[in-house]
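Asker: With the hints as constraints, model all of the structure from the sequences given.
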Amino acid sequence: MCHKADLLPDDEYDDRLSAGLATNFDLSSHAFTHAIDGLSVRDQRVHELGDQTFESKFVAPPAPVFGGLGPIYNNVSCINCHRNDGGGLPITGSATAGLLMRISQAGTDANGGPLEVNGFGLQVQDQAIFGVKPEATIGITYTEIPFTYPDGTIVNLRSPEYQLLNPYIPITVPYMLSPRLAPRLVGMGLLEKIPETTILSFVDAGDQNGDGITGKANYVYDPYTKKTEIGRFGLKANAPTLLLQIAMAYQQDMGVTTFATADESSLGQEQYHSVIDKDQRELADSLLNHVSFYVKTLAVPARRNVTDPDVKAGSVLFNQVNCSACHRSTMMSGSEPDLPQLSGQRIHPYTDLLLHDLGEGLADNRPDFLAGGREWRTQPLWGIGLLQKTTGAAYYLHDGRARSIEEAILWHGGEAQKSRDAFAQLTQQQRMQLIKFLNSL
Amino acid sequence: MKKSILVFAVTGLLFGACHKSAETSNNTDFAALETQVITDFTNNVALGQYSALTNSAVSLNQAITTLNTATTDANLLAARASWKNIRQTWEQCEGFLFGPVEDNDYDPNTDTWPTDYNQMDSLLASSNPLETDDIKNLPQSLRGYHPLEYIIFGKGGSRVASGITARQKQYMVSLSADILYNNVQPLYNDWSSGFKNQVLTAGAGSTQFETKQDLFLNIVSGMSDICGEVGEGKMFEPFIAKDSTITESPYSSNTLDDFHNNIIGLQNVYLGLNNGKGIRDLVAAKNRDLDNQIRTQIQAAISSFDNITLRYEEAIYKQRTQVQQTMDQLATLKDLLDNELTEFMITNIKD
Numbered sequence: 001m002c003h004k005a006d007l008l009p010d011d012e013y014d015d016r017l018s019a020g021l022a023t024n025f026d027l028s029s030h031a032f033t034h035a036i037d038g039l040s041v042r043d044q045r046v047h048e049l050g051d052q053t054f055e056s057k058f059v060a061p062p063a064p065v066f067g068g069l070g071p072i073y074n075n076v077s078c079i080n081c082h083r084n085d086g087g088g089l090p091i092t093g094s095a096t097a098g099l100l101m102r103i104s105q106a107g108t109d110a111n112g113g114p115l116e117v118n119g120f121g122l123q124v125q126d127q128a129i130f131g132v133k134p135e136a137t138i139g140i141t142y143t144e145i146p147f148t149y150p151d152g153t154i155v156n157l158r159s160p161e162y163q164l165l166n167p168y169i170p171i172t173v174p175y176m177l178s179p180r181l182a183p184r185l186v187g188m189g190l191l192e193k194i195p196e197t198t199i200l201s202f203v204d205a206g207d208q209n210g211d212g213i214t215g216k217a218n219y220v221y222d223p224y225t226k227k228t229e230i231g232r233f234g235l236k237a238n239a240p241t242l243l244l245q246i247a248m249a250y251q252q253d254m255g256v257t258t259f260a261t262a263d264e265s266s267l268g269q270e271q272y273h274s275v276i277d278k279d280q281r282e283l284a285d286s287l288l289n290h291v292s293f294y295v296k297t298l299a300v301p302a303r304r305n306v307t308d309p310d311v312k313a314g315s316v317l318f319n320q321v322n323c324s325a326c327h328r329s330t331m332m333s334g335s336e337p338d339l340p341q342l343s344g345q346r347i348h349p350y351t352d353l354l355l356h357d358l359g360e361g362l363a364d365n366r367p368d369f370l371a372g373g374r375e376w377r378t379q380p381l382w383g384i385g386l387l388q389k390t391t392g393a394a395y396y397l398h399d400g401r402a403r404s405i406e407e408a409i410l411w412h413g414g415e416a417q418k419s420r421d422a423f424a425q426l427t428q429q430q431r432m433q434l435i436k437f438l439n440s441l
Numbered sequence: 001m002k003k004s005i006l007v008f009a010v011t012g013l014l015f016g017a018c019h020k021s022a023e024t025s026n027n028t029d030f031a032a033l034e035t036q037v038i039t040d041f042t043n044n045v046a047l048g049q050y051s052a053l054t055n056s057a058v059s060l061n062q063a064i065t066t067l068n069t070a071t072t073d074a075n076l077l078a079a080r081a082s083w084k085n086i087r088q089t090w091e092q093c094e095g096f097l098f099g100p101v102e103d104n105d106y107d108p109n110t111d112t113w114p115t116d117y118n119q120m121d122s123l124l125a126s127s128n129p130l131e132t133d134d135i136k137n138l139p140q141s142l143r144g145y146h147p148l149e150y151i152i153f154g155k156g157g158s159r160v161a162s163g164i165t166a167r168q169k170q171y172m173v174s175l176s177a178d179i180l181y182n183n184v185q186p187l188y189n190d191w192s193s194g195f196k197n198q199v200l201t202a203g204a205g206s207t208q209f210e211t212k213q214d215l216f217l218n219i220v221s222g223m224s225d226i227c228g229e230v231g232e233g234k235m236f237e238p239f240i241a242k243d244s245t246i247t248e249s250p251y252s253s254n255t256l257d258d259f260h261n262n263i264i265g266l267q268n269v270y271l272g273l274n275n276g277k278g279i280r281d282l283v284a285a286k287n288r289d290l291d292n293q294i295r296t297q298i299q300a301a302i303s304s305f306d307n308i309t310l311r312y313e314e315a316i317y318k319q320r321t322q323v324q325q326t327m328d329q330l331a332t333l334k335d336l337l338d339n340e341l342t343e344f345m346i347t348n349i350k351d
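Residue numbers (the numbering used here), protein chains in the order written: chain Y, 1 to 441; chain H, 1 to 351.
For the record, the hints were derived by calculation from the structure and aren't laboratory data.
Watch out, some of these pointers could steer you wrong.
Simulated crosslink set (DSS-like; lysine-lysine; CA at most 30 Å straight-line) [as the list claims (entries may be wrong)]:
#: 1; chain 1: H; residue 1: LYS84; chain 2: H; residue 2: LYS169
#: 2; chain 1: Y; residue 1: LYS133; chain 2: H; residue 2: LYS136
#: 3; chain 1: H; residue 1: LYS84; chain 2: H; residue 2: LYS136
#: 4; chain 1: H; residue 1: LYS84; chain 2: H; residue 2: LYS350
#: 5; chain 1: Y; residue 1: LYS312; chain 2: Y; residue 2: LYS436
#: 6; chain 1: H; residue 1: LYS350; chain 2: Y; residue 2: LYS436
#: 7; chain 1: H; residue 1: LYS350; chain 2: H; residue 2: LYS196
#: 8; chain 1: Y; residue 1: LYS216; chain 2: Y; residue 2: LYS226
#: 9; chain 1: H; residue 1: LYS155; chain 2: Y; residue 2: LYS278
#: 10; chain 1: H; residue 1: LYS84; chain 2: H; residue 2: LYS196
#: 11; chain 1: H; residue 1: LYS286; chain 2: H; residue 2: LYS350
#: 12; chain 1: H; residue 1: LYS136; chain 2: Y; residue 2: LYS436
#: 13; chain 1: H; residue 1: LYS350; chain 2: Y; residue 2: LYS312
#: 14; chain 1: H; residue 1: LYS242; chain 2: H; residue 2: LYS318
#: 15; chain 1: H; residue 1: LYS84; chain 2: H; residue 2: LYS242
#: 16; chain 1: Y; residue 1: LYS226; chain 2: Y; residue 2: LYS278
#: 17; chain 1: Y; residue 1: LYS133; chain 2: H; residue 2: LYS169
#: 18; chain 1: H; residue 1: LYS277; chain 2: H; residue 2: LYS169
#: 19; chain 1: Y; residue 1: LYS278; chain 2: Y; residue 2: LYS227
#: 20; chain 1: H; residue 1: LYS277; chain 2: H; residue 2: LYS196
#: 21; chain 1: H; residue 1: LYS242; chain 2: Y; residue 2: LYS278
Answerer: See below:
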């Protein structure tokens with residue numbers, strides 16, 4: 001007779017384990033920077049090399065080490081935006097910038113992706129090496145909008161407006177902009193391992209259960225593999241793999257070419273004249289692989305205060321107001337033969353990796369493959385409570401407009417409108433409990 | 001980035017502690033000691049060292065101003081001495097790299113390397129203004145200690161006073177002013193006006209450190225990080241690549257001193273400064289053996305630098321055994337901090 005092993009009942013797991021064997025218990029400002037436990041000596045070395053490359057500031061070529069910056073770029077290293085492997089700051093055009101601007105015009109390209117704006121590509125590079133013009137600079141203005149709870153409490157939300165200033169050439173077509181804040185790097189290796197079937201099982205096409213939430217997967221073209229695949233990374237789930245996400249960041253954010261993204265971001269533009277060795281791949285193949293391995297093997301921080309009564313109450317409220325319909329708490333990672341720490345783990349990313357309509361307030365009105373102008377990928381919430389500590393200043397949502405978790409919740413609309421309204425109806429004490437729960441993640 | 005162990009298991013072992021009056025009074029004493037260590041760390045180590053850094057930055061700025069006014073070899077030597085002096089203080093401050101220094105980017109603003117020769121040369125060859133405010137807007141690889149090092153030492157330390165051009169002078173004056181006014185002074189002010197209170201109120205209202213344990217773990221993590229950064233990064237990379245161009249301070253050949261001072265900075269945090277209490281006092285109160293181990297190992301790591309008698313840029317080729325021995329000592333120290341000391345904090349700091 002053969003018995004299939006059952007999973008343990010939910011209450012028999014340690015709530016602190018955000019990611020099974022891939023959980024780490026350092027809760028300092030470096031909580032996001034640790035390797036998963038038990039890497040082999042060789043894997044540790046690769047992780048470390050990836051770490052160093054991640055932190056290395058690129059400089060203008062030719063240079064003995066880490067040349068290849070630009071000629072146009074958004075920042076000079078990965079770590080400049082992903083502060084302590086945490087999130088970015090919503091500012092542009094400086095060493096501390098963590099926000100960048102995507103750009104496109106109406107229509108789609110041959111692969112169903114956004115259509116480039118001539119002379120600007122799909123991303124505005126707002127910095128440049130010495131002697132070269134950046135594509136443009138970004139102007140950000142915020143308007144404070146008070147939100148009043150039914151109990152009379154007032155919270156200020158700030159609504160951003162973005163402007164393209166000083167373009168190096170005139171833009172002759174109507175264009176769409178979409179701001180993107182650098183996200184924290186928590187659990188990317190595990191998100192990559194969530195089986196596609198699991199993600200698709202979260203889709204509720206036609207809203208069968210009547211909760212107003214449907215969700216859909218993005219399918220995007222991978223220019224490296226030349227295949228269309230399910231999107232997992234990026235704020236609109238517009239990158240299918242970590243490798244491509246990272247390679248595109250090198251190419252677009254830093255102006256550093258790689259084997260997966262071989263063209264300079266300035267190709268076809270006047271800034272391209274200052275590229276010295278046009279055939280050279282600026283990031284060694286091994287280093288791109290190392291950085292990819294580094295991000296993949298970063299551990300997920302453990303939860304804190306899991307026995308705190310407020311946190312427990314907040315966890316119940318999180319389900320009651322139905323945040324959990326999109327911010328899915330629990331799933332199993334798929335198989336990863338080389339890294340048992342990532343393989344078959346019971347993980348709590350608090351995302352379904354699907355796109356949802358989040359309403360007019362958050363809309364960028366810029367489609368990205370199947371993602372519409374009001375749709376965003378559910379942001380994973382693990383590590384959210386450590387963002388302030390790791391990044392130094394915590395900003396939330398796709399463009400960092402929210403200065404607190406509370407503001408972020410209140411911006412939710414569209415499919416999340418019901419949950420947001422239910423949150424607003426809670427008592428002040430209950431709202432505090434829900435936020436305390438989120439801070440324990 | 002760093003290896004760390006599953007220390008959470010320890011917290012499960014603490015059930016059923018018995019309550020005796022002697023223990024209660026010990027606990028009261030220990031809690032008072034924790035507070036004292038926090039106070040002394042804040043005032044003597046962090047603020048003390050950042051205040052020393054400010055003084056060093058003022059001296060450097062004066063030396064550079066003097067060199068600008070009278071560009072003689074004597075003044076160049078004085079400026080170099082002043083540069084080495086601030087590097088000593090700064091590298092020791094890296095024993096506690098958390099708070100404003102990382103949150104407000106003072107570290108990458110002043111201590112980014114390698115320097116960007118090409119952009120530096122382009123910048124110097126251009127007519128781009130080079131006032132302090134212009135420096136502030138440059139990429140980090142064109143700001144801070146190392147571009148200044150390049151100007152006053154030159155490649156291979158070959159700079160002579162008569163070889164410093166007018167543009168280079170203007171650049172060096174603004175670089176040292178940028179270090180002082182845009183970084184070192186604000187760093188001290190950020191600590192003394194705000195972050196200090198976050199640290200002092202750990203576990204008693206601090207929003208950054210909800211518990212004292214939180215703060216102590218952060219301090220230990222900072223010690224471990226610098227140990228790892230030196231042993232596994234700054235020393236290891238040029239060593240394994242056999243490449244002297246990727247060392248920290250190649251123009252001044254100050255690299256080995258940088259490393260040495262990093263570990264002294266770690267030691268300052270552990271022992272405390274100016275007769276104040278340090279982390280060691282907490283450890284010794286509960287586990288003398290562990291305190292002995294840690295102190296001995298820090299000392300062994302620091303002393304091992306003395307065996308490297310060449311400048312680091314040469315030692316990676318000619319004294320590989322000695323370099324390897326120091327990296328081994330640092331690895332042992334890091335293990336102690338990551339495992340035993342971290343466990344100690346989790347087990348013993350309960351508020």
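Asker: None of the hints should be skipped; say for each whether it holds.
Answerer: Consistency of the hints with the structure:
no.: 1; hint: H:LYS84 / H:LYS169; in the structure: holds, 19 Å
no.: 2; hint: Y:LYS133 / H:LYS136; in the structure: holds, 19 Å
no.: 3; hint: H:LYS84 / H:LYS136; in the structure: holds, 23 Å
no.: 4; hint: H:LYS84 / H:LYS350; in the structure: violated, 42 Å
no.: 5; hint: Y:LYS312 / Y:LYS436; in the structure: holds, 9 Å
no.: 6; hint: H:LYS350 / Y:LYS436; in the structure: holds, 21 Å
no.: 7; hint: H:LYS350 / H:LYS196; in the structure: holds, 22 Å
no.: 8; hint: Y:LYS216 / Y:LYS226; in the structure: holds, 22 Å
no.: 9; hint: H:LYS155 / Y:LYS278; in the structure: holds, 29 Å
no.: 10; hint: H:LYS84 / H:LYS196; in the structure: holds, 28 Å
no.: 11; hint: H:LYS286 / H:LYS350; in the structure: holds, 13 Å
no.: 12; hint: H:LYS136 / Y:LYS436; in the structure: violated, 39 Å
no.: 13; hint: H:LYS350 / Y:LYS312; in the structure: holds, 21 Å
no.: 14; hint: H:LYS242 / H:LYS318; in the structure: holds, 10 Å
no.: 15; hint: H:LYS84 / H:LYS242; in the structure: holds, 25 Å
no.: 16; hint: Y:LYS226 / Y:LYS278; in the structure: holds, 23 Å
no.: 17; hint: Y:LYS133 / H:LYS169; in the structure: holds, 27 Å
no.: 18; hint: H:LYS277 / H:LYS169; in the structure: violated, 44 Å
no.: 19; hint: Y:LYS278 / Y:LYS227; in the structure: holds, 27 Å
no.: 20; hint: H:LYS277 / H:LYS196; in the structure: holds, 17 Å
no.: 21; hint: H:LYS242 / Y:LYS278; in the structure: holds, 28 Å
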